[in-house]
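Work out the full structure, taking the sequences as your base and the hints as a guide.
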Amino acid sequence: MSEMVHVKTTINGAAVDFLCEPRQSLLEVLRDVLYLTGTKEGCNDGNCGSCTVTLDGVLVNACCVLGVEVAGKAVTTIEGMAKNGNLHPLQVAFLEETGLQCGICTPGFLVSSRALLERHPAPSEAQIRHWLAGNLCRCTGYDRIILAVQKASKRMLAGT
Amino acid sequence: MHQFKYATPGSIEALLSMLAEQRSPVKLLAGGTDLIVQMRTGAVTPALVIDVKQVVELNQLLLSDKGLIIGAAVSCRTVYENNHVARAYPALIDAASLIGGIQIQGRASIGGNLCNASPSADLIPALIVLEALAVIQNSRGSRELPVEDFCTGPGTNALAGDELLVSLKLPPGAKNSGACFRRFTPRNEMDIAVANAAAAVVLSADGKHFTSARIAIGAVGPTPILVQEAAEALQGKPVSGASVGIAADIARQAASPINDMRGTIAQRKQLVQVLVTRALQGAIERAGGAL
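Which chain is which? The protein sequence lines are A and B, in order. Per the working numbering, the first sequence starts with residue 1, numbered consecutively. Per the working numbering, the second sequence starts with residue 1, numbered consecutively.
I should point out that these hints are in silico values taken from the structure, not numbers from a laboratory. There are no misleading hints in this set.
Ranges of calculated distance between the beta carbons of each label pair, as one might list FRET restraints: (1) A:Asp56 to B:Gly141: 31 to 37 Å; (2) A:Arg129 to B:Glu285: 22 to 28 Å; (3) B:Asn176 to A:Ala15: 53 to 59 Å; (4) A:His120 to B:Ala20: 44 to 50 Å; (5) B:Val274 to A:Arg155: 41 to 47 Å.
These figures come from a predicted structure and were not determined experimentally. The C-beta atom is built at its ideal place from N, Cα and C for all residues, glycine as well.
Right under this line is the structure:
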């Protein structure tokens with residue numbers, strides 16, 4: 001084992017310290033060191049978006065970030081989405097619209113969709129499809145995911 | 001992934017002295033969207049990975065009347081979300097907003113796309129027609145190299161072991177000028193170009209003639225190619241479909257693609273003709289001209 005590095009970061013708003021090797025990806029650190037297993041491994045090469053998290057507010061694939069790189073930065077994962085036991089409107093809409101089947105891609109879609117609605121609160125269908133192009137789903141055929149994002153967008157704008 | 005040491009120099013001097021003192025293979029990390037994947041597959045196995053993102057000079061994005069300076073570690077997303085840069089250099093935005101998907105664009109750097117030197121890199125043809133200079137430094141001094149001379153083969157570039165790509169320097173757009181980048185992929189996003197093309201034109205004051213032009217094509221040779229003959233063929237010629245057709249035909253002849261899973265030689269040559277035509281049409285429109 002090579003030298004371990006002590007990393008201080010913020011994850012879902014909380015200060016977190018961890019030890020990792022330089023070769024461990026942020027995805028490995030989240031899942032295997034911090035046991036935040038909501039972030040999923042799909043392709044592990046930046047193509048599928050299953051491991052999407054935000055790094056200082058920017059969407060990234062956690063498999064293409066080294067764990068040591070997040071020192072001093074702020075990471076948000078799917079675990080930071082529900083607040084006080086209440087699901088985020090996007091999570092509710094994904095359930096209601098069956099925007100998922102096997103669920104492996106779902107955390108990534110939710111994190112990407114939340115970033116989309118923060119940037120564009122009322123996105124067009126084309127905007128949603130373009131924004132979510134880096135997230136792959138082999139179950140749903142995407143239409144139900146799009147419906148869920150549209151539903152959540154309407155509810156969030158209406159404040160319901 | 002193999003074991004390696006990780007360093008985060010806080011200044012360009014510290015970074016350059018690390019490069020000067022290196023005895024084992026080193027790789028520089030900016031966005032990591034190429035490097036981390038290449039390390040995971042074992043394609044590259046550096047003993048030291050130097051994260052360059054703490055170095056101020058590599059993070060600058062500076063637009064002035066002298067042109068644009070893009071630090072090598074600046075991400076695609078930072079570039080295309082800057083409205084001033086987007087207005088001044090739309091061809092750069094054409095390419096930066098097409099690379100990967102939103103997750104890749106947030107990390108992948110302009111300098112990384114150039115250093116990775118993929119024949120199909122989307123930013124390189126755009127940088128070439130915009131007359132970008134690569135600003136290169138080592139601990140002894142600096143030099144500037146036109147981007148068309150930067151790539152030396154698939155995955156290889158002109159940097160010596162102790163040299164660093166610091167930034168890209170783009171001159172300001174001339175009067176009556178415009179540039180445009182186009183690519184062909186089976187899928188609109190998250191795909192690698194079967195072929196791509198960029199064009200820049202400067203038109204006469206009345207918009208009727210080409211004063212000068214630059215045309216570059218990608219994914220149709222070992223490196224992106226600046227097609228001088230195509231540009232020269234436009235010089236002084238009327239802005240017309242016939243002129244554009246002649247330049248596109250020359251670009252088609254300059255393409256030397258391979259057959260692979262993305263496309264055949266015949267398809268790629270045909271695509272060059274179509275993409276150069278469309279890139280020229282876009283460039284003419286942005287220059288205020290009309291066909």
